[in-house]
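What follows is each chain in one-letter form.
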Amino acid sequence: MIPELGERGKMSDEKEKKEQQEGKEGFHISRRDFLKDAGLVVGAPTLGSISATAEAATQAGKGAAGTKETPAPSATPGPELTTIELTVNGGKYRYAVEPHWSLRQLLRDHVGYTSPKDWCGGQGACGSCTVIMNGRAVLSCMTLACECDGAKIETAEGIAKAKHPIIQAYINNNAFQCGYCTPGFVCTAKALLDKNSTPTEADVRDALGGNLCRCATYQRHPPAVLEAARNLKPGA
Amino acid sequence: MKTWKRFAHVNAKTIDEASSILRGGKAALISGGTDLLGTMRFEILPDYPEVLVNLKTVPGLDYVKEEGGMLRIGALTRLEDIVRNDTIRNKYAALAEAAHRTATPHIREMGTLAGNICQFNRCWYFRNPDNRFNCIRKGGKQCFAMMGDNRYHSIFGAVKMCLAVNPSDTAPALVALNAKIKTNKRLIEAEQFWEMTVPGSTVLAADEIVTEIQIPTPGAGVKSAFIKFAIRKSIDFPIVNCAAMVGGGQARVCLNAVYNKPYRATAAEEAIKGKAINEDNADAAGAAAVAAAKALPGDRNKWKIPIAKTMVKRAILACA
Chain H
297 MIPELGERGK
307 MSDEKEKKEQ
317 QEGKEGFHIS
327 RRDFLKDAGL
337 VVGAPTLGSI
347 SATAEAATQA
357 GKGAAGTKET
367 PAPSATPGPE
377 LTTIELTVNG
387 GKYRYAVEPH
397 WSLRQLLRDH
407 VGYTSPKDWC
417 GGQGACGSCT
427 VIMNGRAVLS
437 CMTLACECDG
447 AKIETAEGIA
457 KAKHPIIQAY
467 INNNAFQCGY
477 CTPGFVCTAK
487 ALLDKNSTPT
497 EADVRDALGG
507 NLCRCATYQR
517 HPPAVLEAAR
527 NLKPGA
Chain W
87 MKTWKRFAHV
97 NAKTIDEASS
107 ILRGGKAALI
117 SGGTDLLGTM
127 RFEILPDYPE
137 VLVNLKTVPG
147 LDYVKEEGGM
157 LRIGALTRLE
167 DIVRNDTIRN
177 KYAALAEAAH
187 RTATPHIREM
197 GTLAGNICQF
207 NRCWYFRNPD
217 NRFNCIRKGG
227 KQCFAMMGDN
237 RYHSIFGAVK
247 MCLAVNPSDT
257 APALVALNAK
267 IKTNKRLIEA
277 EQFWEMTVPG
287 STVLAADEIV
297 TEIQIPTPGA
307 GVKSAFIKFA
317 IRKSIDFPIV
327 NCAAMVGGGQ
337 ARVCLNAVYN
347 KPYRATAAEE
357 AIKGKAINED
367 NADAAGAAAV
377 AAAKALPGDR
387 NKWKIPIAKT
397 MVKRAILACA
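Chains H and W supply the protein sequences, listed in that same order. As numbered in the numbering used here, the first sequence has no gaps in its residue numbers, which increase by one up to the final residue, 532. As numbered in the numbering used here, the second sequence has no gaps in its residue numbers, which increase by one up to the final residue, 406.
This is chain H alone, in the form it adopts within the complex (with noise of 0.2 Å):
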């Protein structure tokens, strides 16, 4: 515990001295920018976000590797890479996909959206990587990447970034502690809303039966969600 303690206090020194340096300008770097640089200056990250990141940099590099080698010859049929061309939150990507990533490994490992969290490990029992799939939410830990050619998906960036009130809405009732489940309870909600624009909080209870919450917030869920229903504008 000592050294990982030692870690973050080093990590918070390196944040001082980068909000020094940044002052002049005005400070725009990103929480999670920060913690990507100092993950690397620190070399032996302890935070979970920070966890997160280098997990990622190594799978993006196990991905690049993998994909120099070559390949071992296979009796069976189907290519090793798929093109796939797939909308995320409004931009287009095309990538060369191995058959065996999951949705979320792409989209946070290389289109670079984080929000999808990993909780259960993926065993599609906490709900904390959902994204919205052509208007269904689904989990992103149990869906093929390669299977998502000509996919629309939507995730809690594009949700925010689109200013949609399910997030003003869950801020004003605090519907979170640590945040780490918020990403894949807004976007289950918004796929809620989308389908359903006046819901009743039974339909709420029922529509967030599939995310876990571990700071227990369960219970402002429903009047955030309601309050949101409230504040859509015709055809938002």
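Because the hints were derived from the structure by calculation, they are not lab data. C-beta: ideal position from N, C-alpha, C; glycine also. Just so you know, not all the hints are guaranteed correct.
[As the list claims (entries may be wrong)] EDC-like mimics (lysine to aspartate or glutamate), calculated; alpha carbons at most 20 Å apart, straight line: (1) K91(W) / D414(H); (2) K99(W) / D405(H); (3) K88(W) / D405(H); (4) K112(W) / E381(H); (5) K142(W) / D499(H); (6) K99(W) / E443(H); (7) K142(W) / D445(H); (8) K319(W) / D499(H); (9) K91(W) / D499(H).
[Claimed, not checked] Covered stretches of chain W, as calculated for chain H (at least 3 residues, CB under 8 Å): (10) 87 to 95; (11) 315 to 322.
Dock chain W against the given chain H, drawing on the hints supplied.
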């Protein structure tokens, strides 16, 4: 997060193409993928598929139609689409409720009806990661649940020494509704569809693919219902579930998660057939359903028997 080991992936264009790849061996069919990808990620089975055949790219398998005195549901119909379908909710209530109580909204948006009835059985030894328990279901020599912790296991005995239970919620609903399952080779009565194999849970041949589920439209005065007992309201697999279709002098009652395959409670059917649906008769039917049930040595799963009895009773009462 554990990543998958490598495999090849083919988008099938037709059922025949998918079937011919499956015939080549070491291949698995993927539709929703919520069960298959989990077993692969945690390397539950000793054999890892070399190729996945994607059925979602085969056109024309996602539909719900009521015609010719029956309801026809395409194999790729998502469970959530079944939940939202008004025809199914009104006339085939047991199926709509069973689909609604399956897993979570996310998994229902991904998982298909055909996939739900073809899922692997559930047993914590069988499902342990990295094939730690090479049980009879995986070509091993013993059942670890027989002497181990079997609190969630079969109350109607073992099949070929396996005590794992079928966890599907929609399966008992389909048996109660007297459904037929159409594959690319034949038409199978729902009741005959499940069988203990290594490692599967259905009678399907290696290259056989479910294409459609057919349910005869129930006559006037016939009602169906589905009841599930689980630890949590959402997400959980059933401890015991029960579907019933009663009315017009007929009765069909099916339990699941109590046996290796959906367990049709014929004794309960006989007890309620032609009688008024009331508390006493339903209670008698529940007692008849579990008359043949027997806890495993050590009585760890004895608690499931009164639950099964009550599920039968409540499912029948819900058909009133």
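Right, here's what the structure says about each hint:
With a CA separation close to 18 Å, the supplied pair K91(W) and D414(H) stays within the 20 Å bound. The suggested pairing of K99(W) with D405(H) is violated, with an alpha-carbon distance near 30 Å, which exceeds 20 Å. For the proposed pair K88(W) and D405(H), the alpha carbon gap of about 15 Å is at most 20 Å, so the pair holds. Proposed proximity of K112(W) and E381(H) is contradicted: the alpha carbons are some 29 Å apart, above 20 Å.
A distance of roughly 29 Å separates the Cα atoms of K142(W) and D499(H); the hinted pair therefore is violated under the 20 Å criterion. Taken as a hint, the K99(W) and E443(H) pair is honoured in the structure, with Cα atoms around 13 Å apart against an allowance of 20 Å. Proximity of K142(W) to D445(H) is assessed by CA-CA distance (about 12 Å); at most 20 Å being required, the pair is judged to hold. With a C-alpha separation of about 14 Å, the suggested pair K319(W) and D499(H) falls inside the 20 Å cut-off, and the hint holds.
Annotation: proposed proximity of K91(W) to D499(H) is violated, straight-line Cα distance about 38 Å (limit 20 Å). Remark: the region 87 to 95 of chain W is confirmed as covered by chain H, as 9 of its residues place a Cβ nearer than 8 Å to a Cβ of that chain, reaching the required three. Taking a C-beta to C-beta cut-off of 8 Å, the region 315 to 322 of chain W contributes 3 residues in contact with chain H, enough for the three needed, and the coverage statement holds.
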